[in-house]
Amino acid sequence: MALTILQVALGLSLMASLLLPPLFYFLVITKRTSSHKTKLPPSPPKLPLIGNLHQLGSLPHRSLASLSKKHGPLMLLQLGEILTLIVSSPDMAREIMKTHDISFANRPSSKVTKILFYNNMGLGFSPYGEYWRKVRQLCIIHLLSAKRVQSYHLMREEEVAFMIEKIRQCSSPRTIDMSEVLFSFANDMTCRVVSGKLFRGGRRNELFHELLEENSYLLGAFNIEDYFPWLAWLGVFLGGLSSRARRNFKRWDDLLDEVIEDHENGKDDGEEDFVDVLLSLQKDSNLDFKLEKDHMKAISMGMFGAGTETTYTTLEWAMAELVRNSKTMEKLQDEVRGIVLEKRMVREEQLNAMTYLKAVVKETLRLHPPAPLLLPRESLKDCYIKDYFVPKKTRVFVNGWAINRDPEFWEEPNEFHPERFINNSVDFKGHDFQFIPFGAGRRICPGIQFAESTIELALANLVHRFEWELPYGLRREKLDMSENPGLMFLVLSLNIHTNTARGAHGDFRPRHGARPLDPDAPLKPGKLYFLVDLPRADLEPDHRCEGATGAGAGAGAARSY
1 MALTILQVAL
11 GLSLMASLLL
21 PPLFYFLVIT
31 KRTSSHKTKL
41 PPSPPKLPLI
51 GNLHQLGSLP
61 HRSLASLSKK
71 HGPLMLLQLG
81 EILTLIVSSP
91 DMAREIMKTH
101 DISFANRPSS
111 KVTKILFYNN
121 MGLGFSPYGE
131 YWRKVRQLCI
141 IHLLSAKRVQ
151 SYHLMREEEV
161 AFMIEKIRQC
171 SSPRTIDMSE
181 VLFSFANDMT
191 CRVVSGKLFR
201 GGRRNELFHE
211 LLEENSYLLG
221 AFNIEDYFPW
231 LAWLGVFLGG
241 LSSRARRNFK
251 RWDDLLDEVI
261 EDHENGKDDG
271 EEDFVDVLLS
281 LQKDSNLDFK
291 LEKDHMKAIS
301 MGMFGAGTET
311 TYTTLEWAMA
321 ELVRNSKTME
331 KLQDEVRGIV
341 LEKRMVREEQ
351 LNAMTYLKAV
361 VKETLRLHPP
371 APLLLPRESL
381 KDCYIKDYFV
391 PKKTRVFVNG
401 WAINRDPEFW
411 EEPNEFHPER
421 FINNSVDFKG
431 HDFQFIPFGA
441 GRRICPGIQF
451 AESTIELALA
461 NLVHRFEWEL
471 PYGLRREKLD
481 MSENPGLMFL
491 VLSLNIHTNT
501 ARGAHGDFRP
511 RHGARPLDPD
521 APLKPGKLYF
531 LVDLPRADLE
541 PDHRCEGATG
551 AGAGAGAARS
561 Y
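Counted from 1, the sequence shown has number 433 at position 433 by full-length UniProt numbering; the numbering is strictly sequential.
By construction, these hints were calculated from the structure, which means they are not laboratory data. You may find that some hints are simply not true.
Said to hold, decoys possible - Below, simulated DSBU-like cross-link-like pairs (lysine-lysine); rule was C-alpha separation at most 30 Å, straight line:
#: 1; residue 1: K283; residue 2: K98
#: 2; residue 1: K283; residue 2: K358
#: 3; residue 1: K392; residue 2: K98
#: 4; residue 1: K134; residue 2: K429
#: 5; residue 1: K392; residue 2: K381
#: 6; residue 1: K134; residue 2: K46
#: 7; residue 1: K114; residue 2: K283
#: 8; residue 1: K386; residue 2: K98
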């Protein structure tokens with residue numbers, strides 16, 4: 001059938017709309033970069049239009065680490081229309097986050113973050129400027145100061161005790177979904193600190209989990225609008241991430257409205273939380289900017305997400321590494337049990353004496369940082385890094401995963417050896433650029449102390465109160481320790497022994513052997529599973545583990561010391 005003049009015209013118009021914008025952008029970029037005599041950072045070959053997008057792979061931190069070995073620790077990529085600098089060594093990270101920190105302190109604009117965080121009014125994604133400085137100061141002084149974090153120690157101890165009791169009361173022959181246990185702990189702890197609310201159990205907890213998981217997906221997913229802005233019109237017709245983000249934002253907004261209204265209507269449970277502080281600051285005439293309700297919601301949402309995800313993913317990785325490394329587990333248990341009496345909970349004031357515990361947490365964060373690629377930065381102006389020219393508005397990704405495993409700074413960098421941190425002053429507070437799980441410089445995570453306190457207390461109690469072993473027939477070297485795309489989850493099947501007896505010298509050892517894992521048991525990807533092996537008679541009838549899933553061998557209930 002012959003094409004009509006109208007169809008031909010429409011076709012030519014569509015081709016022009018598709019081809020002219022990237023061609024124009026290419027000419028602009030070429031002129032910008034070629035007008036400088038100084039060389040650009042090295043780059044791998046790129047394809048027309050998409051540039052280097054095809055080289056990111058499903059796990060970008062690993063793909064980029066491999067590319068950097070060939071092209072250098074400062075590498076320039078063309079991701080669609082976006083010039084992107086990849087930083088993969090401690091020295092180059094120092095250049096970006098210390099020497100030229102102000103020049104790279106901005107956050108690039110993202111369609112999804114603008115939707116989710118009230119036009120980027122949250123601390124994490126706010127552009128660098130006066131508003132960001134004021135919000136950061138507010139958070140550091142009033143919400144996340146050392147004094148404020150210490151004031152939550154009773155909440156942390158109570159939530160850890162509840163988690164331990166939950167594990168103790170779980171029954172078998174079903175598996176314990178430890179991912180759910182750890183998420184619930186981190187979620188309840190964060191919710192209690194931020195809003196004073198507990199979403200323990202029931203539909204509310206499921207809703208909160210859904211909202212956080214959806215946020216994680218949306219923030220990590222590829223959004224064509226961010227790399228090809230001229231294709232934004234496609235999202236209008238096809239829906240896509242922006243529409244999905246708006247739906248999740250509406251659910252978040254309703255929940256946060258409810259939380260703030262509860263506080264405005266006189267919530268009084270004796271515990272001052274983040275929202276209480278924000279409402280108090282809203283009425284403070286000495287505050288040098290007006291704190292609106294949307295500001296409070298954006299800040300609170302960021303706290304909910306960062307506080308929950310960092311805690312429970314780090315605990316998952318720590319437990320997985322400890323079970324894979326039995327000598328490390330025994331050494332940690334000996335330290336904790338040498339300080340804390342049998343049947344007692346570990347208290348926060350006892351943590352300072354546990355140097356090996358702190359080394360285990362550091363080593364976990366080194367191998368498995370919460371964000372393998374640190375949140376992106378953007379150059380505020382043209383600048384030079386080690387004689388390389390970096391144009392204004394270049395996006396910057398610091399590959400924390402690669403830096404934490406740099407063989408020039410770490411012996412056996414891919415092995416789990418907490419001993420490397422004993423009598424070693426290297427820390428994750430942003431001064432040692434070979435170890436930056438939380439970033440560094442102006443954009444360093446302000447909640448480090450909150451996360452550190454929660455993770456250490458939870459991990460100390462988990463190893464103190466239970467024996468953890470693999471089921472017979474499953475070799476440690478066969479454990480799947482690979483990450484899934486997005487957040488760093490893992491697929492494991494582990495066995496927990498809690499029926500223990502003291503040896504002649506007071507050491508804890510299991511009295512009964514593990515039963516083999518059922519090979520037909522359905523284990524969900526992205527979950528950390530444990531099996532319980534204790535006599536059923538030890539469990540009261542009403543103390544069944546409500547969240548248990550899957551199937552496995554073993555009978556009875558977990559029991560703490």
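Structure-based check of all given hints:
no.	hint	in the structure
1	K283 <-> K98	violated, 36 Å
2	K283 <-> K358	violated, 40 Å
3	K392 <-> K98	holds, 18 Å
4	K134 <-> K429	holds, 21 Å
5	K392 <-> K381	holds, 4 Å
6	K134 <-> K46	violated, 41 Å
7	K114 <-> K283	holds, 27 Å
8	K386 <-> K98	holds, 14 Å
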